[in-house]
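Quick note, the sequences are listed as chains A and B, same order. The first sequence: position 53 = 53 (my numbering), numbered continuously. Heads up, my numbering is the position in the second sequence plus 1000, with the first residue counted as 1.
In short, the hints are calculated from the structure, not lab data. Watch out, some of these pointers could steer you wrong.
Pairs of lysine to aspartate or glutamate residues, derived as DMTMM-like cross-links and limited to a Cα-Cα distance of at most 20 Å, are as follows [said to hold, decoys possible]: (1) Lys1233(B) / Asp1371(B); (2) Lys1222(B) / Glu261(A); (3) Lys1233(B) / Asp1410(B); (4) Lys1428(B) / Glu1321(B); (5) Lys1394(B) / Asp138(A); (6) Lys1394(B) / Asp188(A); (7) Lys379(A) / Glu261(A); (8) Lys1409(B) / Asp1275(B); (9) Lys379(A) / Asp1434(B); (10) Lys1428(B) / Asp1209(B); (11) Lys13(A) / Asp81(A); (12) Lys1233(B) / Glu229(A); (13) Lys379(A) / Asp1182(B); (14) Lys1428(B) / Glu1250(B); (15) Lys13(A) / Asp1182(B); (16) Lys1320(B) / Asp1379(B); (17) Lys1394(B) / Glu147(A); (18) Lys1320(B) / Asp1275(B); (19) Lys1320(B) / Asp1384(B); (20) Lys1409(B) / Asp1440(B); (21) Lys13(A) / Asp69(A); (22) Lys13(A) / Asp118(A); (23) Lys1222(B) / Glu1407(B).
Listed next, with one range per pair, are the computed distances between beta-carbon atoms [said to hold, decoys possible]: (24) Gly1016(B) / Pro110(A): 33 to 43 Å; (25) Asp130(A) / Trp1442(B): 48 to 58 Å; (26) Glu229(A) / Asp1379(B): 21 to 31 Å; (27) Lys1409(B) / Arg307(A): 47 to 57 Å; (28) Arg1206(B) / Asp130(A): 47 to 57 Å; (29) Pro1101(B) / Asp130(A): 32 to 42 Å; (30) Trp1442(B) / Glu270(A): 49 to 59 Å.
We put the beta carbon where it would ideally sit given N, CA and C, even for glycine.
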Amino acid sequence: MAWDPSTDATATKGFALADRILALVGDRAEALVTCGQGLNALTRFANSRIHQNMASDHDQVRVRVVTADGRIAQATTTRLDQDGLERLVEGAIAAARLCPPDPEYPGLAPAGSVAEVDHFDPPTAAASPDARAEVVADFVGTGPDLESAGYCSTDSDTHVLVSTNGLRYASRSTMAQVDAIHRAAAVDGPPTDGYGQITSKRLSDLDGRRVGEVAAQKATAGANPIELEPGSYEVVLEAKAVAALLLFPAWLGFNGKAYAEGTSFVHLGEQQMDERIEIWDDGTDPLSLGRPYDAEGTAKGRLDLVRAGVTVGLTYDRRSATLAGVEPNGCSIGQDGFGGYPGDLFLGAGDETLEELIGGVERGLLVTDFWYNRILDPKTQVVTGLTRNGLFLIEHGEITQPVQNFRYTQSVVGALAPGHVLGIGNDAQLVSNEGGIVHVPSLRLASWAFTGGASG
Amino acid sequence: MFDLVTAAVEGALAAGASYADARVMIVRYESMSAKNRVVEGLTQTETAGIGVRALIGSSWGFQSTPELSPAAARRAGERAAEVARASARVTGGPVQLSPTPVVQDSWANAYEVHPLDDVGIGERADLLVAVTGAISDAGIPLAQASHQIWDTQKWFASSEGSRIDQHLVECGAVIDATALGDGETQRRSYPGVRGQYGTRGWELVREIDLLGNAPRIAEEAKALLSAPRCPEKTTTLILGSEQMALQIHESVGHAIELDRILGWEAAFAGTSWLDPAQLGSLRYGSDLMNITADATLPGALGSFGYDDEGVPAQAVDIVKEGTWVGVLSGRDSAPLVGLSSGGMVRADGAARLPMVRMTNVGLLPGDSSLDEMIAATEDGIYMDTNRSWSIDDKRLNFQFGCEIAWEIKDGQLGQMLRNPTYTGIGPKFWASMDMVGGPDEWVFWGTANCGKGQPIQVGHTGHPSVPARFTNVRVGVR
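Chain A extracted, bound-state conformation:
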């Protein structure tokens, strides 16, 4: 049965709060109000013990005011008593009046409708610290001779958005994650790490034992890694590594504002990636954890960015869309001046298992994860970083030896270029990266430039 915000106590409280703020603004300005309420809890462990364990209620409102002559300000507060709300509104209006008008301001989003999505699991929202500790205990228990570290988290959020021109939306979501390593001590040399993670809307999907066994196997198999010469290698990138890389085209490439300013790699309509590559954004997909509307209240839906390797789409908020002469497409993150960001990004799955991807490699490397990835130039999408948590040599289709970590310096778009994508896994899954949560599979790529050993 579809979720009905009008009968949900938290959403009702959010709407009441937002309506009070609109009333305080009155007819002095246009306004858009968002309100988010929920709980963030994270149980963190290291050296095989829980060492940091936190829970935090969040309850916050944001108002965006726009005066008749296009002067804009937005303000946020967690102080929800009458004084706090009045200070919020009066401060925002005063700030807007004193700021220069924004000649490129397109106005608030018009009222419309959004898809019905409900990425919410009540047991996850109500999860106890004991429930998170149980997942941790299961993970730690899979490596009695190993050191483990990571976290189990549960998050819930109920969000409402209202505006003076009739927007009135609500959404809710939960997220649960276990993300951790096992570490195997080495007789001679540094310890080796193995990694595993599960991200879901349901805590009940977090099988600490299963993900712990994956991490333990990798940590143990990583003992006594060999040193390889830097150079270009064929690679199989596991989903976590793919997620890390996708951040850069998502953040600085598909952004319609970056495209307009000339700093994006995108050439619309050109075959910039392999024909097997499909990339899109969709917060309404049941597999995602997103909202059906963006921070400005523009409805979200499927937005194709790369279709059969051809770059076909860009992400916009209202301001960047207006400047580009196109319709906004639901990618505002609430930061004026940023442009658009695909907050619910998908890279389409293939039909090969991870084992089959590895089986096709004559000589190459299996990469579990990339770490400390930093972009050197947005236009070429050249990124540098290091491998982490499991790097293995593949020979004649089989994993043969662990390998010492490498530094890489590689163009992300170049690695996905036509002819360079040799296989796509059927293991697409939710994975977190520095920009949020993406849904991606493993990839087999023809070439990846490793430019130096990580340990020196």
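Given the coordinates of chain A, assemble chain B onto it according to the supplied hints.
Chain B in isolation, oriented as in the chain A frame:
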């Protein structure tokens, strides 16, 4: 607010905690950004809340709430104890807290002009509009400017009896010019890529003279488009003080965090190449390397009166004449290596658990100068202003890029070079440092975006630094 933190501590103790502390934090924050003469972003935030830590046996729990009432505070204390009990399900050895004096005190940093209360928002906006206009007028297609301001009030209480309130005013600004070429972009920033921030008032922003530097960075960005690429070779490298701040932050500051050394950050931020058994004997760098962590430096971004465990701010030697002698620590980490807390535990808000953070981790001045270093270099490269940074999870292998470089030939600066990068291994790199700038070139750089922890927290760190010279460095890595 002391009634709230007291209620929270009492709630935790009543629920079985053997130790508890609580912080109320109220933070006013403003960020404003402009691009090409238009203010594109203005955000003002007021966050308030109370965070409580409870220790039961050898297990910690933390709970926060944004509701500032005695009942909510007490309930948060009780829930922190519940969380601590759950931690005991996967527990380890005993937790020992480093002793700290019981303190009742107030502390505030000095400032001349309060950036929110004494400067009109119109004036703040006009500056960003004017400076981006100056960059645009110089022929730059993308001119950006921004500032950030924090006004933080904290009230702390512990079950040991400390009662401390603090008021911190911090601000800073940054401008940049981006030139577009055929297939690449070139950016120049001022004062540095992350700007310049301090525990100071708006006088800091006025002193750095954004308008006066706008034309220079515009011309440099344009010139970089046609400059030759930094050659790939091993050479003598001189780093300006802004890039040195980044070098110190990444290859010293994070490596000396005791929580990393102990493995507490192993799954995310990483560990450290340092072994506590080598404290006092390990060679970290050359004899010219003297690093301190000094939270008492007036105006520096990593300064405060007391950390979030109620421990007084301190100046701690980290590297003395090249030998590793100190760490960044807190009350529960320091005893594990036989030390007392260095007073370096902070959280970025009431909703986050305090953890070991850098204070002002900086290089003490030597007796040289940038001019002397250049004059003494027959063949080398001078780089400045960070552009990219990546370092491994043990803080050993780094590859950093700078915005700009110049070749050095026969003691003279030569042509400008674009896309300069250099790479190295921390202790080998620091061991090659053979010239260090003097007191006249000592700048208290402030980094307002240091990420660490899960959930991620953004820390404010200071990095006093000077220009320095290094030998046999691999540059031009692509």
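Restraint status (C-alpha distance of Lys1320(B) to Asp1275(B) at most 20 Å): With a Cα-Cα distance of about 17 Å, the restraint between Lys1320(B) and Asp1275(B) holds, given a limit of 20 Å.
Hey, Lys1409(B) versus Asp1275(B), does the alpha-carbon distance stay inside 20 Å? 41 Å, violated
Given the hint of 48 to 58 Å, is the C-beta distance from Asp130(A) to Trp1442(B) inside that range or not? Given range 48 to 58 Å: holds, Cβ gap about 52 Å.
Hint says 47 to 57 Å; check whether the CB-CB distance for Arg1206(B) and Asp130(A) agrees. 54 Å, holds
For a C-alpha distance cap of 20 Å, please report whether Lys1394(B) and Asp138(A) respect it. 27 Å, violated
Range first: 33 to 43 Å. Now tell me if the beta carbons of Gly1016(B) and Pro110(A) are that far apart. Check failed, 55 Å falls outside 33 to 43 Å.
CA of Lys1320(B) to CA of Asp1379(B), is that 20 Å or under? 30 Å, violated
Has the given pair, Lys13(A) with Asp81(A), been kept, meaning a C-alpha gap of at most 20 Å? 13 Å, holds
Lys1233(B) and Asp1410(B) were given as a pair; does the straight-line alpha-carbon distance stay at or below 20 Å? Within the cut-off at roughly 17 Å; holds.
Is Lys1222(B) close enough to Glu1407(B), meaning Cα to Cα at most 20 Å? 18 Å, holds
With a cut-off of 20 Å on the C-alpha distance, tell me whether Lys1233(B) and Asp1371(B) pass. Between Lys1233(B) and Asp1371(B) the Cα gap is close to 23 Å, so the pair fails against 20 Å, i.e. violated.
Range agreement (Cβ of Asp130(A) with Cβ of Pro1101(B), hint 32 to 42 Å): 37 Å, holds
Checked against the numbered hints given earlier, this structure breaks hints 1, 5, 8, 9, 10, 15, 16, 19, 20, 21 and 24; the rest are met.
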